[in-house]
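**Q** Keeping their order, the protein sequence lines are chains A and B.
Letter 80 of the first sequence, counting from 1, is numbered 80 in the working numbering, and no numbers are missing.
Letter 13 of the second sequence, counting from 1, is numbered 1013 in the working numbering, and no numbers are missing.
It should be emphasised that the hints constitute simulated quantities derived from the structure, not laboratory data.
For every residue, glycine included, the Cβ atom is placed at its ideal position computed from N, Cα and C.
One should not assume that every hint holds.
Here's a subset of chain A near chain B, in silico, CB distances under 8 angstroms, partners left out [unchecked claim]:
id, residue
1, I12
2, Y20
3, P33
Restraint ranges, calculated between C-beta atoms of paired labels, are given here [unchecked claim]:
id, chain 1, residue 1, chain 2, residue 2, range
4, B, G1017, A, Q129, 52 to 58 angstroms
5, B, R1055, A, P3, 18 to 24 angstroms
6, B, E1016, A, A95, 50 to 56 angstroms
Here are a few chain A residues that sit away from chain B, every Cβ distance over 12 angstroms (derived from the structure) [said to hold, decoys possible]:
id, residue
7, D81
8, T151
9, A152
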Amino acid sequence: MSPRAASRLESIGFPRVYDYVAGKADWGSFGMPLEGRRGSETRVGAHLRRDVPACRLDEPLHEVRTRVRAAGPDTCFVVNDENVVLGRLGRAALAGADQLTVEQAMSSGPSTVRPSLELDRAVERMRRQNLTTLPVTTSDGRLLGLLERDTAERALRELNPNSASTLSESSQP
Amino acid sequence: MPTPVDRQEVRQLVAEGAQLVEVLPQAEYEEEHLPGAINIPLKTLDAETARRLERERPVIVYCHDYQ
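Generate the whole structure from the sequences, applying the supplied hints.
**A** This is how it looks when you write it as structure tokens:
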């Protein structure tokens, strides 16, 4: 659609026309702000915890464990030089033997979501899969942060107070 | 030929004064759009509706994605 619009503008006489072919889906998937009725606050990207511990493949597990525990969360993401997520160290993996490296202890390829995902869909997914957190990356896999279920549910209630009772009912086991 | 641009180039061009135009239907624009974008749906885009734009400034058009 946008290539046709760009060509039409050129034919009308606009001399400098650019086509952002990836469009607002790309914009939102990188956590960039959007305006409008729906707005950015209804998206995962507005509710991230961004101070998430990260480590590299070749680090000794015991060093990472010490760092992560000092930071608070019980999870750490394994990233490369471009901050692309390669794996995750959960609570059990972090408690592994001292001689292990991160690569030996991690779970590869954790499931991730984009910051443009609707917050209510993210909460539904966490409930359905019994997850307490969801890692959030850009569409090219770079770590942006972590969506925590408590934070997401609270934000959803504030965004839509009328649905609070329904939400709490549906969260019961 | 219109020049394809990526996200970083959009940011740069907007910082330099480019105009952003979403060409999706009005309802989709009202749901969400890039900051500062105006809406001229493709179906209504002609010389008359394009008068909202300044010819001297660059124009960036976009829709939802590669459609």
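**Q** Does each hint fit the structure? Answer for all of them.
**A** Hints and how they fare:
Taking 8 angstroms as the C-beta contact cut-off toward chain B, the hint placing I12 (chain A) at the interface holds, the least distance being around 5 angstroms. At its closest, the beta carbon of Y20 (chain A) sits 4 angstroms from a beta carbon of chain B; the interface hint therefore holds under the 8 angstroms criterion. Satisfaction of the interface hint for P33 (chain A) is found here, the shortest Cβ-Cβ separation to chain B being roughly 6 angstroms, below the 8 angstroms cut-off. The beta-carbon spacing between G1017 (chain B) and Q129 (chain A), approximately 46 angstroms, falls outside the hinted interval of 52 to 58 angstroms.
Roughly 20 angstroms separates the CB atoms of R1055 (chain B) and P3 (chain A), a value that falls within the hinted 18 to 24 angstroms. Checked against the given bound of 50 to 56 angstroms, the beta carbons of E1016 (chain B) and A95 (chain A), roughly 52 angstroms apart, stay inside it. For D81 (chain A), the requirement that its beta carbon stay farther than 12 angstroms from each beta carbon of chain B is met, with the minimum near 19 angstroms. Residue placement check: T151 (chain A) keeps its beta carbon more than 12 angstroms from all beta carbons of chain B (closest about 22 angstroms).
With a cut of 12 angstroms on Cβ distances, A152 (chain A) stays outside the contact zone with chain B, its closest approach being about 19 angstroms.
Going through the hint list in order, the structure does not satisfy hint 4, though it satisfies all others.
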